[in-house]
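Undergrad: Modelling step: build the complete structure from the supplied sequences, incorporating the hints.
Taken in sequence, the protein lines are chains A and B. The opening position of the first sequence corresponds to residue 1 in the working numbering, with each subsequent residue numbered one higher. The opening position of the second sequence corresponds to residue 1 in the working numbering, with each subsequent residue numbered one higher.
If you are wondering where the hints come from, they were derived from the structure by calculation, not from laboratory data. Please note that the accuracy of each hint is not assured.
In the DSBU-like style, the derived pairs of lysine-lysine whose C-alpha atoms are separated by at most 35 Å in a straight line are [as the list claims (entries may be wrong)]:
#1 A/Lys45 x A/Lys309
#2 A/Lys291 x A/Lys309
#3 B/Lys115 x A/Lys435
#4 B/Lys296 x A/Lys396
#5 A/Lys284 x A/Lys306
#6 A/Lys284 x A/Lys309
Please read these numbers as outputs of a predicted model, since none were measured by experiment.
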Amino acid sequence: MFDSLDPILLARIQFAFTISFHILFPAFTIGLASWLAVLEWRWLKTGNQIYADVYRMWVKIFAVTFGMGVVSGVVMSFQFGTNWSRFADAGGSVLGPLLGYEVLTAFFLEASFLGVMLFGWNRVSPKMHFAATVIVAAGTLISAFWILSANSWMQTPQGFRVGQDGLLYPTSWLAVIFNPSFPYRFVHMVTAAYLTTAFTIAGIGAFYLWRQRHIQQARVMFGMAMIMAIFVAPMQLVFGDLHGLNTFKHQPAKVAAMEGLWETRHGAPLLLFGWPDQEEETSKYALEIPKLSSLILTHALDGEVKGLKEWPRQDRPPVAWVFWTFRFMVGIGMLMIATGVIAILLYFKKRLFDTRWFQYWCMALTPTGFIAVMAGWFVTEVGRQPWIVQGLLRTKDATSPVMGTSIAISLAAFIIVYVFVFGAGSYYILRLIGKGPEAEEPAYGDHGVEKPPIVTDLAGEKGDQHV
Amino acid sequence: MFSFESFVDLPLIWYGLIATAIFLYVLLDGFDLGVGILFPFAPSDQCRNRMMNSIAPFWDGNETWLVLGGGGLFAAFPLAYVVLMPALYLPVIIMLLGLIFRGVAFEFRFKDTGKSRRLWDIAFHFGSLLAAFMQGVIIGTIVQGIEVDGRSFAGSPFDWLSAYSVMTGVALIFGYALLGATWLVMKTEDETQTWARKCASYTIGYVAIFLAIVSISMPIMNMEIRALWFSLPNFFFLVPVPAASLILLIMIWRDLHAGREYRPFLLSFGVFLTGYLGIAISMWPYIVPFEITFRKAAAAPESQSLLLVGTVIMLPLILIYVGYCYYIFRGKASHESAY
Chain A
1 MFDSLDPILL
11 ARIQFAFTIS
21 FHILFPAFTI
31 GLASWLAVLE
41 WRWLKTGNQI
51 YADVYRMWVK
61 IFAVTFGMGV
71 VSGVVMSFQF
81 GTNWSRFADA
91 GGSVLGPLLG
101 YEVLTAFFLE
111 ASFLGVMLFG
121 WNRVSPKMHF
131 AATVIVAAGT
141 LISAFWILSA
151 NSWMQTPQGF
161 RVGQDGLLYP
171 TSWLAVIFNP
181 SFPYRFVHMV
191 TAAYLTTAFT
201 IAGIGAFYLW
211 RQRHIQQARV
221 MFGMAMIMAI
231 FVAPMQLVFG
241 DLHGLNTFKH
251 QPAKVAAMEG
261 LWETRHGAPL
271 LLFGWPDQEE
281 ETSKYALEIP
291 KLSSLILTHA
301 LDGEVKGLKE
311 WPRQDRPPVA
321 WVFWTFRFMV
331 GIGMLMIATG
341 VIAILLYFKK
351 RLFDTRWFQY
361 WCMALTPTGF
371 IAVMAGWFVT
381 EVGRQPWIVQ
391 GLLRTKDATS
401 PVMGTSIAIS
411 LAAFIIVYVF
421 VFGAGSYYIL
431 RLIGKGPEAE
441 EPAYGDHGVE
451 KPPIVTDLAG
461 EKGDQHV
Chain B
1 MFSFESFVDL
11 PLIWYGLIAT
21 AIFLYVLLDG
31 FDLGVGILFP
41 FAPSDQCRNR
51 MMNSIAPFWD
61 GNETWLVLGG
71 GGLFAAFPLA
81 YVVLMPALYL
91 PVIIMLLGLI
101 FRGVAFEFRF
111 KDTGKSRRLW
121 DIAFHFGSLL
131 AAFMQGVIIG
141 TIVQGIEVDG
151 RSFAGSPFDW
161 LSAYSVMTGV
171 ALIFGYALLG
181 ATWLVMKTED
191 ETQTWARKCA
201 SYTIGYVAIF
211 LAIVSISMPI
221 MNMEIRALWF
231 SLPNFFFLVP
241 VPAASLILLI
251 MIWRDLHAGR
261 EYRPFLLSFG
271 VFLTGYLGIA
281 ISMWPYIVPF
291 EITFRKAAAA
301 PESQSLLLVG
311 TVIMLPLILI
321 YVGYCYYIFR
331 GKASHESAY
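TA: Right, dumping it as structure tokens:
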């Protein structure tokens, strides 16, 4: 019965499922690590205990999220081989070193100093502990650098030659690493991660303010998050726009799908909404703003924007996916910018921390960063289809010689395990949020062990109650 | 484009580096997984807390060596990676799922009490057990040889499942249990330590038996290996490897009964080193036995050169700060004065 299973489709679903799950965690930990570093710096600088309370609450959430990020990430590092071996074979000499560098320069740094960050409170000086937090934060950014470089290369490949054996060989590492879409994607993604974290913290800060619990700590969370909403959310609009222009230059078919544009037009309209129909090659029920698309993409009212019909059918991405996920992402971005604007107004009215409806608003926006990140990745990854490496290797030619049966088994196992494990993780995070920051509490769960948390300092310093 | 191709033997260097990374993974995550394997057999909950505490700051870093092994294989020997991963599809995926349960159990167990803590205890144990078993199965599959056609795996999905690979799976469980037990002898005291000492003494016997089975079976199963080990003068150069295993095992046994705390752990490293060397020598020069040599699987010299620069700079640094982290958390795992 399994013989009819399409291994390519299953491999794609499995990859989409595992990477979508995985990206949720880095999207949160990249921002959270940087924020924790800022908190600890404020604490060391001002000696204000509130910062330490907030740090200690969030470092626990960080630990749970990071743990889930690690285990779901280890899976990713093997999937290139298990499910996409022909891609790994063709691109190995180009992409392999980038992933190798990610492990060498980021993963070890994060993994080793995370231990110090979580368990080192009574074993290293406050400065060293702060250094550990900064190192972990830097590690998350270095990791993002390499993996986004690798992904961007798949979008805009350069700096390679095709060998006689059909494999790709590097010719210039700088060209490979700093491929045309990489700087844009890197800035866009890191900013997205920061915003995702900021809106999560804003929502939880708002929850405490609304419940009138942990008011002082909640003001720190909410206030710092609003600074991000005010300044960074509008910046993201600019970064996103620049990224879009870069895509327009290098991957015009993706942009055509984002816009739902079928015919090449001068003075192309912007479709606010519509229903792209892949078969009939048209976007139905379109609600258009005339000429806006051309204006955004070419900075001229009657600039030319290529429509999807420029490409043969087999070279077009699934338009509806790209079209809709793009609108989700942009829509959420707009909500975030609006939040920043409202925050400014409330701040000047001195009502930022006690406006009830705004607290509901921010609570409602808590998960939107994650949705936007996911939507954005769907835009860029689905928009690259049918290619796995733009213009060079098709997704259907990239899979492993693995039977549909095996992939069906592994996919089912992944779904069951991920739902169970990450469901439990979410439950524990919600419980930590429910508990909130507590003054003078141990930095980390300690298995019911009194201080010092992990190991006694000296071998001679033994407890009186031996076990 | 730079390449050190004309100065050094890049594939050979990388073969050594990847082998080292995988070996470090086996050693370091080996004792983590070993602690997980022994976990439910501990005499009390306090012991289990102690055991968990002794590895909590390290497991994440230890698992990173696996990512380096996998990522490094992809980077330096892509052909080996793309043949081995599909061949070992299900064992690799099951191992990863085991590692997921093992990894999250650390975080979740901290946060819970009572029945649900028990749940994560179970997840921790079976996750460790499953990961260890599958790693053993992977070794067993590789030493039996992989079916290759051109540049891809040509076998069927369950090629890896054989009595032999199940045996090596069980063997590695005992091997890791020995590492875990000697780690606990070093990092704990009193009741936990006494118990760990007993565990180590028991597992030594099994480790010796399994090492003997593997050592005898490999030359029997494969002509090339037999020719390699039993031809003269090779035999005289190679016989110290199994002899060293035997001596080390006896030394551990004596140390455990003499009450030594550190040496059994370090000597267990030695046992793994001799076992690993034995397998590595038998596989030489193949990276996908017995089809693809490490030279054939090597990435472009430019790729190996670029990564070599990073490795030469980063690897010593990594070893230094990993060592520093072990130093920070030195000494015995904490006592449960809260109970």
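Undergrad: A/Lys284 and A/Lys309 were given as a pair; does the straight-line alpha-carbon distance stay at or below 35 Å?
TA: holds, 16 Å
Undergrad: Within 35 Å, alpha carbon to alpha carbon, are B/Lys115 and A/Lys435?
TA: holds, 20 Å
Undergrad: Given the proposed pairing of A/Lys284 with A/Lys306, does the C-alpha separation stay at or below 35 Å?
TA: holds, 18 Å
Undergrad: Would the pair A/Lys45 and A/Lys309 pass a check requiring their Cα atoms to be no farther apart than 35 Å?
TA: violated, 60 Å
Undergrad: Within a Cα-Cα threshold of 35 Å, do B/Lys296 and A/Lys396 meet the stated pairing?
TA: holds, 26 Å
Undergrad: Does the alpha-carbon distance linking A/Lys291 and A/Lys309 stay inside the 35 Å limit?
TA: Given pair A/Lys291, A/Lys309 holds - Cα atoms ~19 Å apart, limit 35 Å.
Of the numbered hints listed earlier, the single one contradicted by the structure is hint 1.
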